[in-house]
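Peer 1: Below are the chains, spelled out letter by letter.
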Amino acid sequence: GQNIDQPTEMTATEGAIVQINCTYQTSGFNGLFWYQQHAGEAPTFLSYNVLDGLEEKGRFSSFLSRSKGYSYLLLKELQMKDSASYLCAVRVPGGGSYIPTFGRGTSLIVHP
Amino acid sequence: EAQVTQNPRYLITVTGKKLTVTCSQNMNHEYMSWYRQDPGLGLRQIYYSMNVEVTDKGDVPEGYKVSRKEKRNFPLILESPSPNQTSLYFCASSLLAGGLGEQFFGPGTRLTVL
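Quick note, the sequences are listed as chains G and A, same order.
With this note's numbering applied, the first sequence corresponds to residues 1348 to 1459, in that order.
With this note's numbering applied, the second sequence corresponds to residues 1124 to 1237, in that order.
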C-alpha cells in the first residue's frame, strides 16, 4: 500500500514561519503536490515538485528529497488567512500511469 | 471561466434511494476523479478516469459507480446509498491523463444518508 504521513495539526503565530512536513513510502513516485484547503471549501493547488530541491513561490516554498521520501511546505510571514488544512499528495502508479494519492492533511491554526 | 461544477451541492436522502451527483469540467481535461473527505481520514479516491470510456477503481470504490461517456462529464452514482456514505464529495480534473499537472476541484457535495 501507499503511506503518506503528515502531522495532524500545527499552530503558529501571525508573522512567523512554519514548516509542514510530509513523508511518504510508496510503490513508485512521480511527483508531489501541496494543496491548501480552507474549511468547507475545495482544495486549491499550491505547488508541485518532481525533482529534488526547493521551489519558491512568494511566501510559500516547497522542498523535496526523493531519496529520503520527504517533502516540506514552508510558509513565511504567516497571515491569519493561512489558517487552513494543507494536503500533501504523491503521484503513485495506477491505471497504467500515475495518479495522485493524498495524505490526511495538516490543519494549521494561525493565531495573533 | 475555467471551472469544475458539481450538483447538487447539498443532498439529504434516505437509505436505498438511488442518487447521482453530476460533475462537469469545461477545460477539456483528460483526467477526472472523485474523492470523499471524512474527518480524520483526508481525501480518499473513489474512482478515476484517464479519458473517455476509461475508468478505474480508487481506494474506496465499494457502493459507487461512475461513467465517462463524454470528456467533460463524470457522474458519481450511488445505487443504494447507506449511512456510511454520508460524506463530503469532491470531483476533480487535470489536463493530462495520469493526473499530471495540478488538479482543479469542484466546490464539493455534502451528502447525508439517513
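Treat the hints loosely; a few may be bogus.
To be verified - Covered stretches of chain A, going by a simulated chain G footprint (3 or more residues, C-beta under 8 angstroms):
(1) 1137-1150
(2) 1197-1208
Said to hold, decoys possible - Some chain A residues well away from chain G (every beta-carbon gap over 10 angstroms; in silico):
(3) Asn1130
(4) Leu1134
(5) Asp1179
(6) Gly1181
(7) Pro1184
(8) Glu1185
(9) Lys1188
(10) Arg1191
(11) Lys1192
No lab work stands behind these hints: they were computed from the structure.
All values reported here derive from a predicted model rather than from experimental measurement.
No residue lacks a Cβ here, since even glycine has one placed at the ideal position from N, Cα and C.
Peer 1: A separate judgement is required for each hint: does it hold in the structure or not?
Peer 2: Each hint, compared with the structure:
| no. | hint | in the structure |
| --- | --- | --- |
| 1 | 1137-1150 | violated (count 0) |
| 2 | 1197-1208 | violated (count 0) |
| 3 | Asn1130 | 14 angstroms, holds |
| 4 | Leu1134 | 16 angstroms, holds |
| 5 | Asp1179 | 5 angstroms, violated |
| 6 | Gly1181 | 8 angstroms, violated |
| 7 | Pro1184 | 13 angstroms, holds |
| 8 | Glu1185 | 17 angstroms, holds |
| 9 | Lys1188 | 17 angstroms, holds |
| 10 | Arg1191 | 12 angstroms, holds |
| 11 | Lys1192 | 18 angstroms, holds |
Violated hints for the displayed structure, listed by number in ascending order: 1, 2, 5 and 6.
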